[in-house]
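Engineer: Read off the chains here:
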Amino acid sequence: MPDEEPSVLKHLARLSTIGVTLVAATAIGLAIGYGLDRWLGTSPWLTLLFTLFGIAAGFVNLFRDVGLMGPGQK
Amino acid sequence: MATETGKPATGGKGLWIFLGILAVLNIAIGLWLEPRQVALEHPPLLQVPNFLAFLGVPGQWLPAHVTFTWLVMAVLVVLGALGTRALRPVPGPLQNVAEVVIEAFGGLLDQMIGRQGRQFLPFIGTAGLFILTSNLLGNIPGFTPPTANWNTTVALALTVFLYYNWCGIRKHGPLNYLKHFCGPVWWLAPLMFPIEFIGHLARPVSLSIRLFGNMFGEESVITLLLSLIWLVMPYLIWLGVMLPLSLFTAAVQTFIFIMLSMVYIAGAVEEGHGEEHH
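Protein chains in written order, with the numbering used here: chain Y, 984 to 1057; chain W, 43 to 320.
Treat the hints as calculated values from the structure; they're not laboratory data.
Quantities reported herein were computed from a predicted structural model and do not represent experimental measurements.
Any given hint could be a false lead.
[Unchecked claim] Pairwise CB distance ranges (calculated): (1) W/I71 to Y/L1035: 56 to 62 Å; (2) Y/L998 to W/P133: 35 to 41 Å; (3) Y/T1025 to W/G101: 39 to 45 Å.
[Stated by the list, open to error] Listing some non-contacts, in silico: residues in chain W with all C-beta distances to chain Y over 12 Å: (4) R157; (5) I211; (6) A244; (7) I251; (8) L266.
[Claimed, not checked] If you want the footprint, here are the derived chain Y segments under chain W, 3+ residues with CB under 8 Å: (9) 1001-1010; (10) 1015-1029.
By construction, the Cβ of each residue, glycine as well, lies at the ideal position given by its N, Cα and C atoms.
Let's have the full structure, built from the sequences with the hints guiding it.
Structural biologist: Here it is in structure tokens:
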């Protein structure tokens, strides 16, 4: 491994996740909602609900990575 | 010897003559090659006939990322076998390198996870060495890194995902582990559980997309650069800019991947500790 300062790279590693994670969480929420709607036939509602969950999950991860909330920060 | 004494003058002139000859040669070769552009697109250096056709694998050859994955595996297995064949208290060169590498991974684990970090050394070390070797393979002309294919990185990220969840379940038990998903307050649980669940599902996606995107983008840029023009410039740019850059990217992407794996494992293993104290 490179000999750089580990803490800087550690922050780089965590901060490099936030962009993709925000999008990925929203997309996964949308996919889950869409799949559940297809399965249960409750047309727009679960898609909406789980997309909102996905957006919320993305922002929860964002705030955690930035260090504003949640456990496990060092 | 003359270059030692009169370095600025003769060295500079020699360099320009060398570059001029190189440019003329390149133009000549390029003029000869240009109508035959198809000949430049060669297949990957390592091709294995498709002996898995009965399993439903299409095509005449096996996909390149699969064969190069096998190549990386073979390299790692051979190096590992050679490095540990005769372990001695005073290590030989190969054992020395292996010890340095393992100590580097172990130090990272100590730093990130703490005292119990060393038990994850086999997994983290294997993943890190595999990704690093794959990424570095892309710098050899004619080889494509297996990590430049999304299938490989998805497999890696899913392995990490299953592994850290399994570590958490093994540490806390299934019910206690699921409780972490429900947040600190019980009446928030219906809201927090889907959010945490989706957040965890997003992790392998972001892990795999980052590694794949970096490696694939780098490969594409180098391919474009070398196929765009046939003057001497692309090789100079490749040697001077792209090669150092891709060596750096290979190391950094490996580092980020195993670093995030360690963060996830630490989160799965440690979170319960904090809650038990409350």
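Engineer: What are the numbers of the hints that this structure violates, sorted from low to high?
Structural biologist: Hints 6, 7, 10 not satisfied by this model.
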